[in-house]
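Peer 1: Please model the entire structure based on the sequences and the hints provided.
Line by line, the protein sequences are chains L and B.
Here the working numbering is used: position 281 in the first sequence is 281, and no number is missing along the way.
Here the working numbering is used: position 233 in the second sequence is 233, and no number is missing along the way.
In case anyone wonders, no lab produced these hints; they're calculated from the structure.
Hints should not be assumed to be uniformly reliable.
Per the computed footprint, the stretches of chain L lying under chain B, defined by three or more beta-carbons under 8 Å from a beta-carbon of chain B, are [said to hold, decoys possible]:
(1) 20 to 26
(2) 66 to 78
(3) 94 to 106
(4) 115 to 122
(5) 137 to 145
Examples of chain B residues lying across from chain L (beta carbon under 10 Å, computed) [unchecked claim]:
(6) Val34
(7) Gly37
(8) Ser40
(9) Asn61
(10) Gln86
(11) Ser122
(12) Asn126
(13) Ile144
(14) Leu282
(15) Met324
Just so you know, even glycine gets a beta-carbon here, dropped at the ideal spot from N, CA and C.
One letter stands for each residue in the lines below.
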Amino acid sequence: MSDAPQLRGLRGHAYAARSSYRQPARLLTREGGEDLWVDIQNDERAVLGSAYLSELQIDPPLGTAPRKVTFPDGAVFETSDHDAIEALTGKTRGSMLHHYEGFNARLIGVVAICLAAAWVLWRYGLDIMASVAIAFTPPAVIEQIDVGSMQTIDFTMAEPSKLSDEQKADVEKIYHRLVQSLPQDVQERHSFDLLFRDVPGMGPNAFALPGGTMVMTDAFVNEFPEPDVMAGVLGHEIGHVVEEHGLRRLYRSLSTYILIAFLAGDVGPILEDVVLEGNVLLSLSFSRRQETSADEFGLTLSDEAGFDPAGLKVFFEKLSEKYADQEPAQWTSTHPSSQERVKAIDAFIDGL
Amino acid sequence: MSESLPQGAKPFDFTGNAKEWFGIWIVNLLLSIVTIGIYSAWAKVRAKKYFYNHTYVEGRNFDYHATGKQILIGRLIVIAAVIVFQVVASVLPILGLLLLIGLLFVFPWLIVRSMIFNARMSSFSNVRFGFVGSVGQAFLTFIIYPILTALTLYTTFPILDRAMKRFSINNHKLGQAQFKMEVGLGPFYKAFLVAIVWIVVVGLLGAVLSGFSFTEFAMAMDNPNAPPSEVMKVVGLFYLLFFVAFLPAAFIYQALTRNAVYNNTTLEGGHQFASNVTAGRLLWLAVSNMVVVICTLFLMLPWAQVRMARYLAAHTGFIPGGSMDDFVTQQQEAGGALGDAYTDLEGIDVGLPI
Numbered sequence: 001m002s003d004a005p006q007l008r009g010l011r012g013h014a015y016a017a018r019s020s021y022r023q024p025a026r027l028l029t030r031e032g033g034e035d036l037w038v039d040i041q042n043d044e045r046a047v048l049g050s051a052y053l054s055e056l057q058i059d060p061p062l063g064t065a066p067r068k069v070t071f072p073d074g075a076v077f078e079t080s081d082h083d084a085i086e087a088l089t090g091k092t093r094g095s096m097l098h099h100y101e102g103f104n105a106r107l108i109g110v111v112a113i114c115l116a117a118a119w120v121l122w123r124y125g126l127d128i129m130a131s132v133a134i135a136f137t138p139p140a141v142i143e144q145i146d147v148g149s150m151q152t153i154d155f156t157m158a159e160p161s162k163l164s165d166e167q168k169a170d171v172e173k174i175y176h177r178l179v180q181s182l183p184q185d186v187q188e189r190h191s192f193d194l195l196f197r198d199v200p201g202m203g204p205n206a207f208a209l210p211g212g213t214m215v216m217t218d219a220f221v222n223e224f225p226e227p228d229v230m231a232g233v234l235g236h237e238i239g240h241v242v243e244e245h246g247l248r249r250l251y252r253s254l255s256t257y258i259l260i261a262f263l264a265g266d267v268g269p270i271l272e273d274v275v276l277e278g279n280v281l282l283s284l285s286f287s288r289r290q291e292t293s294a295d296e297f298g299l300t301l302s303d304e305a306g307f308d309p310a311g312l313k314v315f316f317e318k319l320s321e322k323y324a325d326q327e328p329a330q331w332t333s334t335h336p337s338s339q340e341r342v343k344a345i346d347a348f349i350d351g352l
Numbered sequence: 001m002s003e004s005l006p007q008g009a010k011p012f013d014f015t016g017n018a019k020e021w022f023g024i025w026i027v028n029l030l031l032s033i034v035t036i037g038i039y040s041a042w043a044k045v046r047a048k049k050y051f052y053n054h055t056y057v058e059g060r061n062f063d064y065h066a067t068g069k070q071i072l073i074g075r076l077i078v079i080a081a082v083i084v085f086q087v088v089a090s091v092l093p094i095l096g097l098l099l100l101i102g103l104l105f106v107f108p109w110l111i112v113r114s115m116i117f118n119a120r121m122s123s124f125s126n127v128r129f130g131f132v133g134s135v136g137q138a139f140l141t142f143i144i145y146p147i148l149t150a151l152t153l154y155t156t157f158p159i160l161d162r163a164m165k166r167f168s169i170n171n172h173k174l175g176q177a178q179f180k181m182e183v184g185l186g187p188f189y190k191a192f193l194v195a196i197v198w199i200v201v202v203g204l205l206g207a208v209l210s211g212f213s214f215t216e217f218a219m220a221m222d223n224p225n226a227p228p229s230e231v232m233k234v235v236g237l238f239y240l241l242f243f244v245a246f247l248p249a250a251f252i253y254q255a256l257t258r259n260a261v262y263n264n265t266t267l268e269g270g271h272q273f274a275s276n277v278t279a280g281r282l283l284w285l286a287v288s289n290m291v292v293v294i295c296t297l298f299l300m301l302p303w304a305q306v307r308m309a310r311y312l313a314a315h316t317g318f319i320p321g322g323s324m325d326d327f328v329t330q331q332q333e334a335g336g337a338l339g340d341a342y343t344d345l346e347g348i349d350v351g352l353p354i
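Peer 2: This is the structure we're talking about:
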């Protein structure tokens with residue numbers, strides 16, 4: 001330490017503990033027994049901080065950002081001499097990460113893996129996440145979802161059914177024949193209750209809740225009393241229940257939301273809205289796939305139960321006659337268009 | 001529109017570059033996917049640290065000190081809470097409703113805790129930030145004021161907006177030095193009116209140019225048998241209106257209020273701030289960023305982020321009123337009842353527009 005004018009050591013700046021006071025300084029090391037002894041010295045050669053190397057907290061490298069060395073008493077040394085700090089710390093986990101983050105040809109591989117992973121995640125990951133979530137949802141909870149939803153529906157839009165007992169009995173007979181045709185274990189897994197309601201705003205319709213509760217509107221029974229049509233539509237709804245479409249959709253949209261928030265991070269103004277809306281369009285296509293799948297399930301089921309599977313077709317044909325002008329473009333809709341479904345049904349029946 | 005920063009103002013400097021940030025970002029993404037999202041907590045810290053470290057004022061930079069573990073725990077708590085809420089809400093809708101009302105009171109507390117966490121985890125020139133806002137103030141600002149604003153049909157929106165910004169800024173400290181925003185309602189209402197004038201003028205101009213008539217429009221909306229092409233035309237018109245009228249209006253408001261806020265904010269010790277962003281530039285950046293990011297399957301997102309950060313930094317100024325060496329970190333009060341036990345909860349990040 002006798003060669004005074006020679007400025008050796010690692011150049012940078014020092015901060016006093018918990019203070020913004022900043023001065024040019026350098027980091028000096030010397031042997032201190034088992035460990036290396038490290039000093040911060042300012043240009044007047046005053047020692048601003050000192051400690052064993054092992055006591056120092058050295059922030060991992062991050063791009064070209066200055067490196068920070070924090071001493072036990074809070075004094076901080078900051079430098080842009082990345083090589084010197086690396087020589088001091090040797091190879092660490094942080095420096096490995098830093099190495100792989102470097103902008104070079106290797107990143108093309110990382111990009112390719114990321115794109116592939118993003119695609120796999122969207123194509124399969126969401127389904128897996130939804131399946132896992134469904135497996136972990138206790139049946140009691142699902143049943144309760146039905147009870148809760150029925151309370152809401154009865155409170156907000158539905159009125160008690162005005163159908164006669166014979167009408168109800170006819171529908172129930174068809175419904176039971178269909179349920180009996182399901183495999184035993186599937187029959188036991190869901191409740192398969194059939195409820196009748198008068199829902200003025202809904203027209204001829206039937207819908208299923210996740211737990212297996214089936215709701216049919218009075219308008220449907222009045223307009224489509226034919227057993228084959230009834231069987232086709234009920235079979236379709238049973239398909240939604242057995243394949244757990246309602247829950248799956250709930251969990252899928254939740255998973256998508258979580259993935260985007262956690263992986264893409266902050267996407268900035270405007271784009272944020274675009275991402276979320278794009279997501280809605282994608283989930284619409286998923287919902288259309290579910291409808292097609294439920295159609296096929298219903299056709300097979302009503303065929304097995306001894307009904308004419310063409311019944312479902314009659315329903316859609318009538319529907320498309322009545323609402324010919326009102327169907328929105330397919331990509332804005334949760335259901336495929338009626339014409340499309342009739343075509344698909346024809347093709348499926350041919351294959352039965 | 002493009003006035004320069006006032007005399008004596010030193011612009012903020014963002015020194016990050018897209019190439020370097022891309023490498024960090026894509027590795028973050030890969031590790032997050034491989035670890036099924038767990039690494040994203042560490043990724044967030046790395047991202048935040050990168051942008052803080054590369055933002056300089058007077059040759060000194062910012063830093064972010066939270067650890068991935070803190071963020072992860074905060075997120076797990078939020079996920080658990082959301083799941084519990086979902087289950088309760090679907091099993092017992094009535095109880096869910098009660099919980100929702102309860103959330104109304106928990107929300108202000110969460111805001112304050114997360115602002116304290118974020119402030120303490122951020123530093124400038126080796127001095128930590130601090131936040132001293134109270135839960136009561138937060139309740140007033142984020143629950144009561146918005147309700148009152150809705151009751152006045154949003155004509156008092158500038159008052160609400162100023163209250164939120166005042167809550168955020170006036171309760172922040174750098175070390176022991178207090179931030180103070182002193183700006184009247186005038187600039188906020190001016191920005192609001194300019195934005196509305198833009199919407200009205202563009203809307204009228206559009207109506208005249210396209211020969212759009214309200215009666216036709218009302219007819220098309222009322223008639224369920226309208227041909228689909230008519231309906232599509234209406235939908236298209238809405239999108240056009242959104243892009244040429246509402247979006248620029250939002251950016252006009254944002255740019256004018258940002259400038260007003262920065263130009264009237266001081267930091268104890270005689271320091272002042274300045275800002276001269278323009279709505280046109282902000283809008284251009286946001287729209288072109290969006291187009292580029294989508295066309296490149298998100299791969300240019302890091303570039304877009306750097307571009308935005310650079311613009312904002314270059315148009316934000318700091319007017320030092322004295323030495324930058326005099327800030328001192330506030331001595332942390334000894335952990336009270338709500339101290340250490342809840343520190344991990346502080347990793348929850350409530351996104352707030354500041």
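Peer 1: Determine for every hint whether it applies to the structure shown.
Peer 2: Comparing the hints with the structure gives:
1. 20 to 26: holds (count 3)
2. 66 to 78: holds (count 3)
3. 94 to 106: Satisfied; 5 residues make the cut.
4. 115 to 122: holds (count 4)
5. 137 to 145: Since 3 is at least three, the answer is holds.
6. Val34: Where the cut-off is 10 Å and the nearest Cβ of chain L is about 8 Å from B:Val34, the hint holds.
7. Gly37: Holds. Min distance 5 Å.
8. Ser40: holds, 4 Å
9. Asn61: Holds, because the Cβ-Cβ distance from B:Asn61 to chain L comes to roughly 7 Å (cut-off 10 Å).
10. Gln86: holds, 8 Å
11. Ser122: Check failed: Cβ of B:Ser122 comes no nearer than 14 Å to chain L, outside 10 Å.
12. Asn126: holds, 4 Å
13. Ile144: violated, 27 Å
14. Leu282: Result: holds, 8 Å to nearest chain L Cβ.
15. Met324: B:Met324 check passes; min Cβ-Cβ to chain L is 6 Å, inside 10 Å.
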